[in-house]
Amino acid sequence: MRTRPAARAGQYAALLAYLVFLAFPFVWLASTAFKPATELAGLHPTWIPKDPTLANFRQAFDEQPLLRAALNSLLTASAAALVAVAVATPMAYVMARHRSALARAATGWVVVSQAFPFVLLIIPLFLVLKNLRLIDSLPGLVLVHVVWSLPFALWMLTGYVRAVPAELEEAAAVDGAGRLRTLVSVTVPLLAPGIAATALFAFVTAWNEFFFALVLLKTPEQQTLPVLLTRFIGAEGVADLGPLAAAAFLATLPSLLVFALIQRRITGSLLAGAVKG
Amino acid sequence: MSPMTRVRTLVGAIALALLLAGCSSGGTRDDGRVTLRFQSLAWQKESVEATRELVDEWNALHPDIRVEYVQGSWDSVHDQLLTSFEGGEAPDIVHDASDDLADFAYGGHLADLTDLLPERLTSDIPALSWQSVTFDDGIYGVPFLQEPRVLIADSARLKESGVRVPTPEDPWSWAEFRQVTKELSGDGRYGVAWPLKDPVSATLNLSLSAGGRLFHRDAEGKVTVRFEEGDEIVPRTISEQVGADHSASPTTLGSGGSDTLPGLFAGKYAMVPLGFSYRQQIAQQAPEGFEWQVLPAPAGAGGLAQGVSPQTLSVAEDCPHKQEAVAFLDFLLQPRNMVRLALGDWMLPTGRQALADPALRTPEHGWAVGTALASHLRPAPAQSVRGYPEWKDKVATPALQEYYSGAIGLGELRKRLEKDGNLVLARYQR
Amino acid sequence: MAGPTPTRKGADAVTSVTEARRSAPRAPGPARPGRRAVDHGPWFLVLPALIPILVLSVGPLLYGIMLAFTDAQSGRTEPTRWIGTLNFQDLLQDTLFWESFRIGLVWAVGVTVPQFLLALGLALLLNQDLRLRWAARALAIVPWAMPEVVVGIMWRLTYNPDAGILNETLRDLGFGGDRDWLSGLATALPAVIVVGVWAGMPQTTVALLAGLQNTPRELHEAAAVDGAGAWRRFRTVTWPALRPVALAITALNLIWNFNSFALVYVLTNGGPGGRTRLPMLFAYEEAFRYGQFGYAAAMGCVMVAVISVLLAVFLVGRLRGGDER
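Chains as they are written, first to last, in the numbering used here: chain G, 47 to 323; chain X, 84 to 513; chain U, 264 to 588.
FYI, nobody ran anything at the bench for these hints, they're computed from the structure.
Do not rely on the hints blindly, as some may be mistaken.
Beta-carbon label-pair distances, calculated as ranges [stated by the list, open to error]:
1. U:Thr343 with X:Glu303: 18 to 28 Å
2. G:Ala59 with U:Ile314: 31 to 41 Å
3. X:Glu129 with U:Val572: 49 to 59 Å
4. X:Glu447 with U:Arg434: 38 to 48 Å
5. U:Ala449 with G:Ala306: 35 to 45 Å
6. U:Val579 with G:Phe107: 51 to 61 Å
7. U:Gly492 with G:Ala306: 38 to 48 Å
Mimicking SDA-like on lysine to any residue, the simulated pairs with C-alpha atoms at most 20 Å apart in a straight line are [stated by the list, open to error]:
8. G:Lys176 with X:Gly190
9. X:Lys502 with U:Trp361
10. X:Lys351 with U:Arg442
11. X:Lys280 with G:Lys176
12. X:Lys128 with G:Arg104
13. X:Lys280 with U:Asn532
14. X:Lys498 with U:Thr358
15. X:Lys280 with G:Arg277
16. X:Lys280 with U:Asp441
17. G:Lys96 with U:Asp425
18. G:Lys176 with X:Asp162
19. X:Lys351 with U:Pro424
20. G:Lys176 with U:Asn532
21. G:Lys176 with U:Leu325
22. X:Lys305 with U:Glu341
23. X:Lys502 with X:Thr307
Stretches of chain G that chain X covers, calculated by requiring three or more beta carbons in the stretch to come under 8 Å of a beta carbon on chain X [stated by the list, open to error]:
24. 171 to 180
25. 263 to 269
For clarity, every value in this text was computed on a predicted model and none was experimentally measured.
Positions of the beta carbon are idealized from the N, C-alpha and C atoms, including for glycine.
Please take these sequences and the hints and turn them into a complete structure.
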């Protein structure tokens with residue numbers, strides 16, 4: 047199939063427009079993060095800092111408990127990812143291998159839970175966690191993040207379990223291995239890459255999450271990065287732009303890194319699945 | 084299986100870390116020592132320093148009652164306190180403003196300090212200030228700092244135009260103010276720039292001078308909104324300055340106070356109505372040679388009266404050591420300490436002794452004008468009305484913003500404030 | 264449990280779309296009816312996930328619906344009472360809530376439609392053999408990976424009236440450029456919608472791209488040989504194959520956008536004058552600023568109900584539209 051040169055040129059122009067639209071806010075964030083205060087106060091901002099500096103990063107660390115917040119985020123996100131995968135894997139196994147009423151109900155829940163506005167959930171959740179004395183505590187937030195990331199963890203894992211041939215398990219069962227033994231020694235190792243991708247995805251989700259952290263965490267020492275960043279914006283809505291940009295830039299890096307790691311896997315398996323289907 | 088072991092170690096480490104993170108934030112410990120968490124909203128560098136120093140001094144003097152400084156933020160204080168109180172995780176001593184206390188006081192989250200406060204404090208702070216923290220006969224906070232709204236003026240522009248310069252003894256009337264701003268305008272310059280990002284408190288508080296009250300309590304104690312003649316004067320003046328006279332800048336209506344400063348420094352605006360504490364930013368940021376002065380806000384039928392919502396210190400109902408907490412407040416609000424806090428925040432102290440301090444009476448930076456206004460300050464209208472915050476955010480703020488920008492007229496403004504407003508208030512007064 | 268916020272949720276949507284598609288032909292395989300009868304294993308395996316789901320998702324949901332019929336408020340001085348449908352009656356008269364609801368619909372549609380069109384365009388481009396495709400693919404993922412809070416901050420910097428690049432660019436091009444985008448009454452909602460479109464494009468693009476790669480290439484080539492133009496090829500070959508994916512992702516986007524919170528919270532916090540106060544923000548404030556838990560829960564219920572109805576209408580209409588052709 048040949049495309050006419052004019053059409054081709056149009057396609058490139060369109061692609062370029064997309065590239066600009068997608069990239070420019072991020073470029074601007076980075077540029078602001080490296081600009082000295084004097085340049086930020088000037089009237090005619092430029093794309094590239096004339097005099098790049100790390101002062102904003104230093105100031106962000108000095109004036110805000112950035113490290114503490116990053117640590118909180120790291121802890122909750124890792125814990126949430128590990129727990130989510132730990133509880134989701136057996137359930138996904140059941141959902142993939144058994145057509146019981148339970149599995150159907152779980153699938154239904156996964157779908158329905160996507161449609162609910164979380165405000166209807168957060169109010170009662172807040173009251174429940176209050177009774178469990180889990181408000182303003184990182185373990186409480188971890189629990190919420192776990193349940194919150196379960197739907198997609200189940201979806202992803204169910205797909206991966208289906209990709210493992212059931213015959214392998216049956217062979218192990220014939221050899222006399224118990225159900226649990228089969229799961230642990232045969233299925234899980236085969237699932238490992240899928241479990242890892244799911245865990246990383248859950249990690250990014252929890253790392254980026256804002257709403258629950260905003261409602262549930264109260265004391266400054268407990269807050270996660272996104273919550274801290276919104277505090278940065280300040281009472282009058284006119285924060286120090288430089289340090290704000292610097293902190294926001296730093297908070298994005300882990301997500302971008304993890305995403306770069308699993309992106310190929312996600313889109314890859316997506317595309318493979320699509321083509322096969 | 085070594086990957087498995089590694090995962091297990093990782094899980095263990097994270098669990099342990101979470102546990103530690105959870106424990107380190109505990110409040111009172113069991114070693115007989117009392118620890119009080121004090122959430123301060125101080126944000127300007129000088130006032131944060133002053134507050135922290137005072138906390139350190141207290142801790143040095145009272146090894147058994149340790150006060151822990153927690154940094155809060157004005158930005159989200161209401162949401163943050165509400166959810167903390169509800170979740171049982173509130174700090175012991177809470178810094179806030181009197182117009183934000185009603186829901187917490189009525190909701191039983193704050194301790195009634197009536198029988199706890201020392202005589203020294205109750206007699207030092209005037210009754211009008213105490214009124215602003217009194218809800219249903221209980222006292223739910225100690226008002227300690229307040230700021231009148233003043234006009235910050237470009238001295239050169241005033242001199243050049245030859246208008247009469249007002250003083251607290253002989254202020255402008257609202258009509259005179261309008262006339263003056265007209266004279267000061269022209270050539271792309273404006274007599275005044277109203278920073279009305281938060282139009283409600285500015286409008287309501289200044290309206291006291293024109294005899295406005297807006298909130299009316301009936302015999303059964305139910306509150307309704309009525310927008311009457313006295314309530315109209317201030318909004319109408321502003322709207323005419325913007326719309327008819329072009330003597331007020333139309334672009335600053337959505338701005339915060341600090342956003343108007345560059346225009347003031349550049350000579351674009353001759354005057355900006357601002358809170359007294361903005362003087363600090365002006366003193367710091369004004370370019371070399373820029374001369375400025377503080378003028379009283381215009382007066383009306385109600386004289387120079389204007390509403391204020393003093394900053395307050397309250398004790399949480401859940402605090403197990405209320406006596407100790409009040410003792411700390413007593414220390415923090417000793418006259419000389421109150422002066423330090425006031426200087427740090429560039430505000431007026433409520434205490435009579437502190438207010439008499441010479442440091443707060445110098446003409447430099449307009450301190451003297453502010454202190455002369457202190458006796459005219461009244462509790463902001465409606466701050467004891469339940470549901471006021473919701474009325475303010477959802478009804479009054481948008482209605483006033485649209486009115487000032489010319490999108491709606493006075494009739495529609497009245498309708499919204501009254502009809503929509505009373506619906507909101509009714510929900511709180513069942 | 265309500266799912267992740269829109270940007271995040273894309274992943275499982277996309278996964279779910281294709282997982283469903285991928286698993287369809289295999290599904291009958293492993294499950295053997297005979298084995299299920301004596302099978303007590305699953306309960307044991309399901310329990311670790313089931314308990315948190317019941318305690319922290321299903322339970323709270325039911326509790327939330329119950330709350331809508333009470334006068335639950337913050338504070339401990341007054342006991343919570345059943346008040347029947349009083350909250351809903353109040354809500355009917357609450358013009359502010361319905362205004363917010365209208366804004367929410369404008370926002371949801373205003374974001375979802377351009378999002379879909381732009382994503383479709385990008386997906387079609389990425390499906391071509393173009394240079395620089397790798398760059399676009401990598402970039403298309405970036406908004407997806409970013410925390411929503413950072414997205415909001417980033418665009419605040421972009422929109423900043425003095426220090427922002429948008430006004431500066433407009434100034435350079437001679438279009439004035441002294442607008443305060445996020446606090447102007449007229450510009451705030453459109454400005455926020457642009458951010459919504461930007462943030463939600465990646466997952467829509469990826470889902471559509473997956474759908475595109477699913478269209479049989481031979482058909483395309485046959486159509487080309489027949490002399491069909493690009494537009495006809497798209498209508499007769501590409502679109503029919505893409506339709507199920509497009510429908511699913513649009514429906515999901517619509518829901519997620521309607522429920523979105525963090526972006527607007529950071530960008531405008533509902534201002535100016537409530538012009539960008541989405542229903543989620545409205546309900547959040549009702550609950551956690553004003554402490555009206557019961558009333559806020561009633562809002563949540565109404566939001567769910569209205570959205571379900573709209574969605575049902577949309578899906579039924581679309582599906583029927585498909586049958587007629």
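Hint by hint, here is what the structure shows:
no.	hint	in the structure
1	U:Thr343 with X:Glu303: 18 to 28 Å	holds, 24 Å
2	G:Ala59 with U:Ile314: 31 to 41 Å	violated, 55 Å
3	X:Glu129 with U:Val572: 49 to 59 Å	holds, 57 Å
4	X:Glu447 with U:Arg434: 38 to 48 Å	holds, 40 Å
5	U:Ala449 with G:Ala306: 35 to 45 Å	holds, 40 Å
6	U:Val579 with G:Phe107: 51 to 61 Å	holds, 55 Å
7	U:Gly492 with G:Ala306: 38 to 48 Å	holds, 39 Å
8	G:Lys176 with X:Gly190	holds, 17 Å
9	X:Lys502 with U:Trp361	holds, 16 Å
10	X:Lys351 with U:Arg442	holds, 18 Å
11	X:Lys280 with G:Lys176	violated, 35 Å
12	X:Lys128 with G:Arg104	holds, 18 Å
13	X:Lys280 with U:Asn532	holds, 13 Å
14	X:Lys498 with U:Thr358	holds, 13 Å
15	X:Lys280 with G:Arg277	holds, 19 Å
16	X:Lys280 with U:Asp441	holds, 18 Å
17	G:Lys96 with U:Asp425	holds, 18 Å
18	G:Lys176 with X:Asp162	holds, 16 Å
19	X:Lys351 with U:Pro424	holds, 18 Å
20	G:Lys176 with U:Asn532	violated, 26 Å
21	G:Lys176 with U:Leu325	holds, 17 Å
22	X:Lys305 with U:Glu341	holds, 17 Å
23	X:Lys502 with X:Thr307	holds, 10 Å
24	171 to 180	holds (count 4)
25	263 to 269	holds (count 5)
Consistency note: the structure conflicts with the earlier hints numbered 2, 11, 20.
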